[in-house]
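J.: One-letter residues, chain by chain:
There are 2 protein chains.
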Amino acid sequence: MPKKSPPLSVEKRRRSTGRVTLADVALEAGVSPITASRSLRGDAPVSDDVRARVVVAAEKLGYVPDPAARALASARGASIVLLVPMITNMVFVDLIESVHDVLFPAGYQALIGITHYDPAQEEKLIRSYLAHRPAGFLVTGFDRTEAARRLLADSGAPCIHLMEVTNATGIYSVGFSQADASAAMTEHLLLRGYKRIAFAAAQLDPRTLQRAEGYRRAMRSAKRYDPALEILNADQSSIALGGELLAQALKRKPKPDAIFFCNDDLAQGGVLAARRRNIDVPNTLAIAGFNDLNGSDQMLPPLTTIRTPRAAIGRTAAMMMLDLLRDADVPTLNVDMGYELIVREST
Amino acid sequence: MPKKSPPLSVEKRRRSTGRVTLADVALEAGVSPITASRSLRGDAPVSDDVRARVVVAAEKLGYVPDPAARALASARGASIVLLVPMITNMVFVDLIESVHDVLFPAGYQALIGITHYDPAQEEKLIRSYLAHRPAGFLVTGFDRTEAARRLLADSGAPCIHLMEVTNATGIYSVGFSQADASAAMTEHLLLRGYKRIAFAAAQLDPRTLQRAEGYRRAMRSAKRYDPALEILNADQSSIALGGELLAQALKRKPKPDAIFFCNDDLAQGGVLAARRRNIDVPNTLAIAGFNDLNGSDQMLPPLTTIRTPRAAIGRTAAMMMLDLLRDADVPTLNVDMGYELIVREST
DNA sequence: AATTTTTATGGTAGCGCTACCATAACGCCA
DNA sequence: TGGCGTTATGGTAGCGCTACCATAAAAATT
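So the sequence lines, in the order shown, correspond to chains A and S.
Position 214 of the first sequence, counting from 1, maps to 199 under our numbering, and the rest follow consecutively.
Position 71 of the second sequence, counting from 1, maps to 56 under our numbering, and the rest follow consecutively.
Just so you know, these hints were derived from the structure itself, not from any lab.
If a hint is listed, it holds; no wrong ones were tucked in.
Quick look at which bits of chain A chain S covers, simulated, 3 or more residues with Cβ under 8 Å:
| # | region |
| --- | --- |
| 1 | 51 to 61 |
| 2 | 69 to 83 |
| 3 | 91 to 97 |
| 4 | 282 to 290 |
Short derived list, chain A residues pointing at chain S, Cβ under 10 Å:
| # | residue |
| --- | --- |
| 5 | R4 |
| 6 | S64 |
| 7 | D86 |
| 8 | R112 |
| 9 | S113 |
| 10 | Y114 |
| 11 | L115 |
| 12 | A116 |
| 13 | R118 |
| 14 | I224 |
| 15 | G227 |
| 16 | G228 |
| 17 | Q253 |
| 18 | L257 |
| 19 | R260 |
| 20 | R261 |
The calculated lysine-lysine pairs, modelled on BS3-like cross-linking and capped at a C-alpha distance of 30 Å, are:
| # | chain 1 | residue 1 | chain 2 | residue 2 |
| --- | --- | --- | --- | --- |
| 21 | A | K238 | A | K180 |
| 22 | S | K236 | S | K180 |
| 23 | S | K238 | S | K208 |
| 24 | A | K45 | S | K109 |
| 25 | A | K208 | A | K236 |
| 26 | A | K109 | S | K45 |
By construction, the Cβ of each residue, glycine as well, lies at the ideal position given by its N, Cα and C atoms.
Use the sequences and the hints to build the structure in full.
T.: Take a look at the structure:
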C-alpha cells in the first residue's frame, strides 16, 4: 500500500491562466485542437459541419484567440506597423484613422511609429518593430536608409509606401503626385493672372520638396520662374509661421502678387496675417494652400487649396495590405489616388 | 549493428527562424537561459559579473527579446492600451503623443483604441485588447459601462484614468477639473463686465457636460444664470459649427454680449464668423474658447481660452504607469494637473 | 479491381520565453 | 560544529498556438 499519493494533484495545470483556450473549444466541439485551429482560421480543408460545430463551441465558450501565442507559433503576428513622420500634422492623423478603421475590424492591430522625419530614427523603429513579427509594413514615402530598405525586404512582410507614387516596379505604393498637384495649383494662379507667385514652405521634408519642384516646373514653363520668390524655411510648420513667411515674402523683390504655401497650416496663418495687415486678399495678394485642412473653408477669405486624398490613401493601402496578406492577386502595384483643386475666394 | 541512422539529422531545428534567441545569448555567456533572462530583466538576484557577461553577449549577438514569447510566458505583455474617444480632435493627439513619448523608450508599445465616445464600443475594445495581455490600461474619463469597469478590475492590470479627476479612493487618475476650469473662464468674463454670457457647446460628451456645469455654477453664484443662454448641440464639433452656433446665439433673447464656446474649434469658427458679420469682438461681443489649440493665438482677434495640460497629463500618467508596473510605491492616486487661463484680445 | 490522387483529420513537437521548484554554496548565530 | 536561513544558479515544464508530418477515408484514375 503506497504511503503517499503522487505529488501531483488531479488537477495539476501549473500556471493556469483561466483563459479559454483552443483546446477547450476543441474538446467542446469533439475535434482535435488543430482541426479547431483550422476551422477558425479557414485556411485549410475542413468539412462544413465540423467547422460549424467549432464555431458554435467557440461562441459558446467565449473563445478569444491569443495574439501572442499565435505570433509565436506562426512567426507572423496580427499587427501591422504604420510609420508616419509625426502626428501633430492632421494629414497623418487622417491617414492613421483611415488605416485603423480598415485594419482593426479585420483583426489587425496597427502599431504606430513616429519617425520625426528622420531616416535614422525610422531605421531604428523598423529594427525594433521587426521583433514584434508584424504581418506587414505601411511606410510614408520612399526616402529611407539603404539598411532600412534591406530590413524591410528581408523581413518577408509586405510593405506599402504611402502618400507618394513611383513608377519603379515591384514596389507597392498608394498616393498621388505631390509635384503634379503643386504644379496644378501654380497653373491655377498663373491662369488667374498672377505673375509674381511666391512659394513659401517649411519643414522641407521630401514631399514638401516635391511640391517645390512642381511649382518650379509650372513657373518655368510659363517663363515666370524667379528663385527670389522661393521662401524655404526648415522650421516646423505652424499657423504662426505662416504669418512670418508672409511678412518675409512681402519684402522680396520682386514683391509677389500671390503666395502659394506648401500646406494649409501656413496658408491659414498667411491669410490671418494678411487680414491683420489690412492686405486685400485676393486683389492685392492671392493666397493658396495645400491639403484642405479643417478650417480652410472658414478662413477670411476662404482658402483656395489642394484637397489631398489622405483618408482614401489610408483606406486603399490598408485594403491592399489585407489582400496581400491573404495572398490574393494584387495586380496594381502603384495606385495614384489623384488630387482635387479647390478654388475658393483667396485667389 | 543498426541498419539505419536515426531519422533526425544532426541539426534538426524543425522550424528555425534564424532569430537570435535567449538560448544563444546564454550559450555565448556560458550561463543557463534562465540566468540570462534574469540578467537582462534585472528583477532577480544575479551576481554582477554574470550580469555583465550576459549583457555583453546580448550586445555582441544583437539579441532583441521577442515580445510575443515574453507575453506568452509571463501572461503579461509589454503593451499598454490607450483608449481615447477620437483622434481627429487635437487634444487627444497631444495626449497620444506624450504617452507614446514616455512609454516607447521604456520598451512599451502603446495600443491605441478609439471609442467614438461610445461606452459600448469601449467595452468591446477592452474585451478585445485583453486578449493581448496588456500590462496596463490608460482610459479617458470615468464614464463607462459596469461591465467595462469589471473587466478592467478583473484583468489585474493597472488602470489610470485621464483628463478628469475624482476624489473616489483606490482609483488612479491624472487630469484636471473640467468644471473648475470652465467656471474660471466664466468668472473671467463676469469680471470683465459681460452680463449675458452664452455657453455654446457641441459633442456633449462627459467632459463637455462638466464644463457646462462649471459655467452654470459660476453664472448662478453671480445671479446671472439664464437657461436661454445655453446652446447645446449634439453634432460633432468643428470650426464650421462654431459659426453656426454663433448665429444661433445671436438670435437668443436676451441677446448675449459674450459667448463661451466649450472648445477652441468652435471658438475659432465663432471669431471668424463674427469677423465675417462685422461684429466687433470683443466690444460688441466677447468670445472665449477652451483648450488653447494651435492657431487660437493667431485668430482675429487672438482668442481668450483655457490652456489645458494634456501633454503633461499624458506624460505624467505614462510615468505613473511605469512606476506601477515596476511596482514602486505610487502614493498619489489622483493627480490634478490644473489649467491656465490665457487672456487674449477676444474678451 | 488495383492504383494513384485528393481531402479531411490527428499527433507531435516546437515557437522563445519565464514561473516554479530544486539545489548548491555561502554565511550566520547559538 | 551543526542547524538554518539567505543568495546565486540551474532544471523542468509549460504559456497557447500552429507548422510539419502522418494517416485514414474518399474520390478519381488507370
